[in-house]
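Trainee: Below, each chain spelled out in residue letters.
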Amino acid sequence: MRKKTAVWLLVVLLFILPACSGGGSAGGASNGEGNGKSAQENTDKKDKTTLRIAWWGGDKRHEYTQQIVDKYQELNPHVKIDVEYAAFDDYWKKLAPQAAANQLPDIVQMDISYIVQYAKNGQLEDLTSYIGDQIKVDDVNENVISTGKINDVQYGVPTGVNVLGFQYDPELLKKSGVDSIPENWTWDQYEEIALKVRDAGYVMDGSMAPDIFFHYFLRTHGLSLYNQEGTALGYEDDALFAEFFGRLARLIKEGAVPSQEKLTQTKGILEESEIVKGSGVGVWQWSNQYVGLQAAVNRPMELAPMTGPNMEKGLYMQPSMFWSITSHSKNKEEAAKFIDFWINDVEANKWIKGERGVPISASIKEAIVSELSEPEKQVFDFVAAMEEKSSPMSPAPPVGSPQVIASLADLVEQINYGQVTPEKAAATFRQEANAVLANNK
Amino acid sequence: MFTILPGGAGALRKQSLRANLTGYAFISPFVIGFLAFTLIPIVISLYLSFTNYNLFNDPQWIGTFNFKKMFTQDQKYWNSVRVTFIYVFAGVPLRLMFALFVAMLLNTKSRMVGVYRTVYYLPSIIGGSVAVSIMWRNIFNEQGIVNSLLIFLGIPPVAWYGDPNAALGTLIALSVWQFGSSMLIFLAGLKNISPEMYEAASIDGATAPRKFMKITLPLLSPIILFNLIMQTISAFMTFVPAYIISKGEGTPMDGTLLYSLYLFRQAFMFNNMGYAAAMAWVMLIMIGIMTAILFKTSKFWVFYESKGGR
Chain F
1 MRKKTAVWLL VVLLFILPAC SGGGSAGGAS NGEGNGKSAQ ENTDKKDKTT LRIAWWGGDK
61 RHEYTQQIVD KYQELNPHVK IDVEYAAFDD YWKKLAPQAA ANQLPDIVQM DISYIVQYAK
121 NGQLEDLTSY IGDQIKVDDV NENVISTGKI NDVQYGVPTG VNVLGFQYDP ELLKKSGVDS
181 IPENWTWDQY EEIALKVRDA GYVMDGSMAP DIFFHYFLRT HGLSLYNQEG TALGYEDDAL
241 FAEFFGRLAR LIKEGAVPSQ EKLTQTKGIL EESEIVKGSG VGVWQWSNQY VGLQAAVNRP
301 MELAPMTGPN MEKGLYMQPS MFWSITSHSK NKEEAAKFID FWINDVEANK WIKGERGVPI
361 SASIKEAIVS ELSEPEKQVF DFVAAMEEKS SPMSPAPPVG SPQVIASLAD LVEQINYGQV
421 TPEKAAATFR QEANAVLANN K
Chain U
1 MFTILPGGAG ALRKQSLRAN LTGYAFISPF VIGFLAFTLI PIVISLYLSF TNYNLFNDPQ
61 WIGTFNFKKM FTQDQKYWNS VRVTFIYVFA GVPLRLMFAL FVAMLLNTKS RMVGVYRTVY
121 YLPSIIGGSV AVSIMWRNIF NEQGIVNSLL IFLGIPPVAW YGDPNAALGT LIALSVWQFG
181 SSMLIFLAGL KNISPEMYEA ASIDGATAPR KFMKITLPLL SPIILFNLIM QTISAFMTFV
241 PAYIISKGEG TPMDGTLLYS LYLFRQAFMF NNMGYAAAMA WVMLIMIGIM TAILFKTSKF
301 WVFYESKGGR
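Protein chains in written order, with full-length UniProt numbering: chain F, 1 to 441; chain U, 1 to 310.
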């Protein structure tokens, strides 16, 4: 009798488990209504192609992306697009199990910190054969399109580009006795200005993201944070680490930048940042963050280039994100056509307006200029000016980079709290980072 | 299990089989749920704790390497253990004392007592939720109420979440403030102590503190033990407040990097699923040991009326 019960139980289990997993994998954020419709339409028209597309972002992005998807379906009645979207953290938690189960959507939005992992694990399609064919890139700068290459294989098409800079309030700078930011300014000049700002009772900035700006600093020396293969750090001289973070810590000590206590406390709260409160001059960050900041600050602002020497060597166009096609997709050509629509369609880009970075196509940039608000225009102009001065991007961060970046952020925090010297932190960072990166050998 | 009667045994067996099957059918939702969502995941996580697994590649068997790394090489791991122990050993006793104190206040006869009980319980209903943590963050942030008050009193403001010495304390304060559920259990316990005891003691001339020490505490001790164990276990597993308040990073200087937060970082930020599984198992053992110790010590201080005092 027991045996029979066991068999019976097993049957029930077998029945229920696949049902559970099936339900789980289909779960997109928005396909409640969509799925029902698609079943019906598929019976009407058997040869209809269904594409699944996934992205992360906020409400505004979801809205206009859906608008574009609808428009595309209208223009291409043979294509039906199912959308899935989520916030950044949830997006990756959802994508990883889908990848493990070979159930990724046809088109996925990729971030620079994840693309290597997905590419190396064979999840992404090589787009080389689609480029120039389905995906037209005649108007795209070579430095920009190549950001989607990993080991010379095109795994993603950038949706747009950002560039680093100093976003500041010129009025406060004048009040501190600095008329304007000098052309081709250097780190030393930056420090001098910061001290003048302090003397006037303001602070210079709200600190820099350590991994991004240290990486830039290394590039101005012709180096990089990671080596080409991603198996170790890309620089040998720990003095560079000590020089860069030593200077930043010194600025804190001198009172030209808020203390680490304050930075930790106000981190991620735009309303509490010094520049929004009117006591800070500027912020070092990516150009796509300018429009939001400008809205919060609500005073005239400007963008200034990075500090030198050798800014041209250090500066690069950073893809805000990529569109990638997954290797298990059954409709790769249709997927490529949709990506082309995204890059080259004027109407679509009038909705996007650079929300996913400044468009990569030059003709699109011109076509939508009239649609832009004043701050958006400033960003477009700034990125255009910087594009001429930029060098090719370093290879995308290797597998394990989130852990390396966390380790760096920790050590920088310790330096800023005065718990460890920059020299000692440099050595610790080398050891910790190389231990993680050694897994890529 | 079955009574076998001569003659009608076969028929009876058939009948009981059917009855049993119905029974199994009714409990099957739980059994299946338990197998699919509890037992099997537990077994898999035990397996994963001996592997190197990043979600993409198949798990590689690496024996006890994860545990060795945890105990001998990972300073951050030990830091998270230290932070968690401080959090538990400072937070739980404080919370229980506070809960008992409020429970005794609410045990008095007063007209509004029903309202007070509800109000004091509220923080626990919204308990470990994200909303409370965000509110707490706002109360203690740079321009929050607390700092405004300090400035008003002429005291320099404190960077509650920015100062490595203050951040954990603020987290503990949040945990003490969520005393409602243990308070309610204490209240039920207090109601169970018969008023005659206190009356008799009063006649003998006992003072209030003496009544508290000699009557309330001993009679409440089984409930204290229950609360102590439940609160210790849940304190070990605290995650949400630290995650929200430190933006998921355990800042400043890993001062709020609780065990479960570090586990989460290893699993979902660094994709070290194997290592995180190993950490989870060590945590389980740690909680088991703590609970066992509490039970062992209980025979020295817990008083059961029904068993002649023990």
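Treat each hint with caution, since some may be false.
To be verified - Here are the computed distance ranges between Cβ atoms for each label pair: (1) Asp89/F with Met290/U: 26 to 34 Å; (2) Leu75/F with Phe26/U: 15 to 23 Å; (3) Thr49/F with Val130/U: 37 to 45 Å; (4) Met230/U with Asn143/F: 38 to 46 Å; (5) Thr49/F with Arg13/U: 20 to 28 Å; (6) Ala384/F with Ile125/U: 50 to 58 Å.
Unchecked claim - A few chain F residues facing chain U, derived, Cβ under 7 Å: (7) Asp90; (8) Lys94; (9) Ala96; (10) Asn102; (11) Gly122; (12) Asp126; (13) Thr128; (14) Gly132; (15) His221; (16) Thr266; (17) Gly268; (18) Gln403.
Hints were generated in silico from the structure; no laboratory data involved. Don't be surprised by glycine CBs; every beta carbon is placed ideally from N, CA and C.
Trainee: State for each hint whether it applies.
Mentor: Comparing the hints with the structure gives:
Between Asp89/F and Met290/U, the C-beta spacing of about 31 Å keeps the proposed range 26 to 34 Å intact. Roughly 55 Å separates the CB atoms of Leu75/F and Phe26/U, a value that falls outside the hinted 15 to 23 Å. The hinted range of 37 to 45 Å is satisfied by Thr49/F and Val130/U, whose Cβ atoms lie roughly 41 Å apart. In this structure the supplied range 38 to 46 Å is violated for Met230/U paired with Asn143/F, their Cβ-Cβ distance being about 60 Å.
At about 59 Å, the beta-carbon gap between Thr49/F and Arg13/U misses the expected band of 20 to 28 Å. A hinted range of 50 to 58 Å for the beta carbons of Ala384/F and Ile125/U is consistent with their spacing of about 55 Å. With a least beta-carbon distance of about 10 Å to chain U, the hint placing Asp90/F at the interface is violated under the 7 Å criterion. For the restraint placing Lys94/F at the interface with chain U, the shortest Cβ-Cβ distance is roughly 11 Å, beyond the 7 Å limit, so the hint is violated.
Against a cut-off of 7 Å between C-beta atoms, the interface hint on Ala96/F holds, since the closest Cβ of chain U lies about 5 Å away. The beta carbon of Asn102/F is not positioned within 7 Å of any beta carbon in chain U (closest approach about 11 Å), and the interface hint is therefore violated. For the restraint placing Gly122/F at the interface with chain U, the shortest Cβ-Cβ distance is roughly 9 Å, beyond the 7 Å limit, so the hint is violated. For Asp126/F, the interface hint is violated, the least distance from its beta-carbon to any beta-carbon of chain U being 18 Å, above 7 Å.
Hint status for Thr128/F: violated, given a least beta-carbon distance of 23 Å to chain U, over 7 Å. With a least beta-carbon distance of about 31 Å to chain U, the hint placing Gly132/F at the interface is violated under the 7 Å criterion. Interface hint status for His221/F: violated, as the beta-carbon distance to the closest one in chain U is roughly 29 Å, over 7 Å. A distance limit of 7 Å between C-beta atoms decides the matter here; for Thr266/F the minimum to chain U is near 6 Å, and the interface restraint holds.
Taken as an interface hint, Gly268/F checks out: its beta carbon lies about 5 Å from the nearest beta carbon of chain U, inside 7 Å. Annotation: interface hint on Gln403/F holds; nearest CB of chain U at approximately 4 Å, less than 7 Å.
Figure legend: structure checked against the earlier numbered hints; hints not met, in rising order: 2, 4, 5, 7, 8, 10, 11, 12, 13, 14, 15.
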